[in-house]
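*Asks:* My request is simple: use the sequences and hints to build the entire structure.
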Amino acid sequence: MTDVSKWYDDFQVLKDISLTVEVGEKLVICGPSGSGKSTVVRLLAGLETHQEGRIHLQGGGMKTQRPGDIGMVFQSFNLFPHLTVLDNLTLGPVKALGLSRVDAEERARAYLERVRIPEQADKRPAQLSGGQQQRVAIARALCMEPKLMLFDEPTSALDPEMIAEVLEVMEDLAADGMTMICVTHEMGFARRVADRIAFMDAGEIVEIGAPEQVFQAPKSERFALFLDKILKH
Amino acid sequence: MKFRTIALIAALTTLTACSAAPGTWGWYVIDPSTDTGWTNIRFLIRGFTATIQISVLAAVASIGIGLLVALPAFAQNRWLRLPNRIYVEFIRAIPLLPMLFWVFYGLPVVTRSMGINISIDPFWGAVITLALSDSAFTAEIFRAGIQSVPRGQAEAAQTIGLSRAKAMRYVILPQAVRRILPPLANQFIYIVKMSAFASVIGMQELTRRANELVVTEYRPLEIYTLLILEYLVLVLIISAGVRWLERRMGADESR
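One line per chain: the protein sequences are H and X, in this order.
Numbering follows the UniProt record's numbering, in which position 75 of the first sequence is assigned residue number 75; successive positions increment by one, without gaps.
Numbering follows the UniProt record's numbering, in which position 180 of the second sequence is assigned residue number 180; successive positions increment by one, without gaps.
Check before you lean on any hint, since a few could be wrong.
As the list claims (entries may be wrong) - Calculated cross-link-like contacts (lysine-lysine; reagent style DSS-like; alpha-carbon spacing at most 30 Å):
| no. | chain 1 | residue 1 | chain 2 | residue 2 |
| --- | --- | --- | --- | --- |
| 1 | H | 147 | H | 123 |
| 2 | H | 15 | H | 229 |
| 3 | H | 219 | H | 15 |
| 4 | H | 229 | H | 219 |
| 5 | X | 166 | H | 147 |
| 6 | X | 166 | H | 123 |
These are calculated hints, taken from the structure and not from any lab test.
Given the structure is predicted, the values throughout are model-derived calculations rather than measurements.
*Replies:* Here's what the structure looks like:
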């Protein structure tokens, strides 16, 4: 994305954001609330519009975007409550990609296996724990075989004991070479997985760099303060 | 003070009229053990067919039109949303009886002036009027129901590649319908009761038959009491049906 700016009425949420993510790269975005980090991810997912700048996706040499090319995982899961877990997973492949029911189910079961809950296929989202729901949400996005996975604070709505199971699944995914952009405050996860960490504040990318570098010697005072706060608590 | 006096006189008159003086009760008109009574009951009860047919057709049409009217309310362009507002505000403002007269006596004139010769019989006049009149309310019910589904649902549908239409069809509407069912049932009951207006354009449904019998038998109290009970039976059946439907759908989503 190049020089992207966005306003809500008079309030500028994003100020000339430029960001390039290579195929296979894992980028973690952190920052205080209201810094615009979620907006960046939602823009990439096509859920918001921007007024200035350009966003393009060229991963794997493909120019035109296929539905579901960019997978998104929300803070509040957003599973479809009226459908079973399996139907949550097959809806996109069947209705948007035109897969047959049988193929879609096979694919769905494979991804449920990957997020380690194959036995929950026939339950409804409300019957699952938060951690399980979020893993289903990840599997739902994966079923579209995306080129890029976006995570918008995927563990913020979870109880502490469920955070680990979601992060594990995300680390597996990272190890498989998925391109990922993840908004999170899980600094341990960021340290283990991220190629780069971007710190955002007030609609700007204040600092961006490799985890070792930014954690040890944050260049900006704002980032240092922010790290100080979340690492201590 | 004055009002109270009038109310008292009215209450007393009613009471004496129906019970005090001997011979004012006339249940014989609808006494199933006598030949005429049984014939009268059969005459009244045959009105069920028309009332049910009119109500069901009008309700189905109203739901169809209501959904079509509600959907543009979700367009991003405000000019596309406009037809929804105009339709709802305009249709909602027309009282049922004038609309019935307009459709029955006026609509054929409109179509004839456009070169289409149709005659509207009382049956279809009633169906069209009830469907139109009710559809404005159904549209608002659909709009509220669709709006009550959290935004995240549409967003999630979008990120798995569903078009807006498909998201509506597979994600939003199935969830909205569950919330819509109780108010929709209300509207159906309303249609059943309002179908009584069809009697004034000559449709022989429940109310018209009761009126006709009153004219020949001069027993309004007994005949209209039975008429009210007839509607009560219909409405209770609908209520039971809706409750059954709600339970079935509720069980679907239960935890």
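*Asks:* So if I understand the rule, the pair passes when the alpha-carbon distance is 30 Å or less; does residue 147 of chain H with residue 123 of chain H pass?
*Replies:* With a Cα-Cα distance of about 28 Å, the restraint between residue 147 of chain H and residue 123 of chain H holds, given a limit of 30 Å.
*Asks:* Given the hint that residue 15 of chain H pairs with residue 229 of chain H, test it: the Cα-Cα distance must not exceed 30 Å.
*Replies:* Roughly 25 Å separates the two Cα atoms, so the pair holds.
*Asks:* Has the given pair, residue 219 of chain H with residue 15 of chain H, been kept, meaning a C-alpha gap of at most 30 Å?
*Replies:* holds (20 Å)
*Asks:* Quick one, are residue 229 of chain H and residue 219 of chain H close enough, alpha carbons at most 30 Å?
*Replies:* holds (16 Å)
*Asks:* Going straight from one Cα to the other, do residue 166 of chain X and residue 147 of chain H come out at no more than 30 Å?
*Replies:* holds (23 Å)
*Asks:* Going straight from one Cα to the other, do residue 166 of chain X and residue 123 of chain H come out at no more than 30 Å?
*Replies:* The given pair, whose Cα atoms are some 23 Å apart, holds under the 30 Å limit.
Of the numbered hints given earlier, the model fails none.
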